Amino acid sequence: QKEVEQDPGPLSVPEGAIVSLNCTYSNSAFQYFMWYRQYSRKGPELLMYTYSSGNKEDGRFTAQVDKSSKYISLFIRDSQPSDSATYLCAMSERGGADGLTFGKGTHLIIQP
Amino acid sequence: DSGVTQTPKHLITATGQRVTLRCSPRSGDLSVYWYQQSLDQGLQFLIQYYNGEERAKGNILERFSAQQFPDLHSELNLSSLELGDSALYFCASSAGTGSEQFFGPGTRLTVL
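Here the protein sequences line up with chains R and X, keeping their order. Whatever position you read off the first sequence (first residue = 1), add 192 for my numbering. The second sequence: position 94 = 75 (my numbering), numbered continuously.
Derived by calculation from the structure, the hints in this document are not laboratory data. Computed from a predicted model, the values in this text were never measured in an experiment. Careful, some of the hints might be misleading.
[Claimed, not checked] Keeping only pairs whose Cα atoms sit at most 25 Å apart, straight-line, the calculated DSS-like set for lysine-lysine is:
| id | chain 1 | residue 1 | chain 2 | residue 2 |
| --- | --- | --- | --- | --- |
| 1 | X | Lys(-10) | R | Lys194 |
| 2 | R | Lys248 | X | Lys(-10) |
| 3 | X | Lys38 | R | Lys296 |
| 4 | R | Lys262 | X | Lys(-10) |
| 5 | R | Lys262 | R | Lys248 |
[To be verified] Just so you have them, the derived chain X footprint on chain R, three or more residues with Cβ under 8 Å:
| id | region |
| --- | --- |
| 6 | 244 to 250 |
| 7 | 265 to 275 |
Built from N, CA and C at the ideal position, the CB exists for glycine as well.
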């Protein structure tokens, strides 16, 4: 079993839809959870950074962490064609004091 | 633009050779991380330096080494290169512990 599981997609939705992206993990020591967006052949761009369980909202993006279920989600409201990219979840035990463990990424396509 | 710079953007070399990848962190960041991204393995953490000292090690091969210099820039040295080392190599930086990691644009390495 991989440490972090993420459906690779592709996930195709119409413009304006609400997008739900998810990851599950097996390491209960993970405390820091992140979502990155990566356009083709570019560096990952940090979207959301959360500590422990709970919700965090930033503009059209909402991140949810459920440590009891070892499950994290990213919701994108009012999706735009420019949101088309690969979304990577990442986690760590000690925040910036260790490396991140990434999911393989979900390829998202927003249809105009 | 994350503020993290990496050179070169592309590198093409032959098996058995040695290359050096360079990274400059964001202004004020003390931590530098190196990651490898390949199609089959995804993004994998290699090694972390904090203010010149090695802080954490991930899946880094013995043929690979890194260092962080007094001006905080970092270099990743890859030696005895194999075809399977062809990948995108990313550098990330953070202010310190418990901090977000910001990624550079990457170096694409092709080993022929």
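Checked hints:
1. X:Lys(-10) / R:Lys194: violated (31 Å)
2. R:Lys248 / X:Lys(-10): violated (35 Å)
3. X:Lys38 / R:Lys296: holds (20 Å)
4. R:Lys262 / X:Lys(-10): violated (37 Å)
5. R:Lys262 / R:Lys248: Satisfied, since the Cα-Cα distance of roughly 17 Å is no more than 25 Å.
6. 244 to 250: violated (count 0)
7. 265 to 275: violated (count 0)
Figure legend: structure checked against the earlier numbered hints; hints not met, in rising order: 1, 2, 4, 6, 7.
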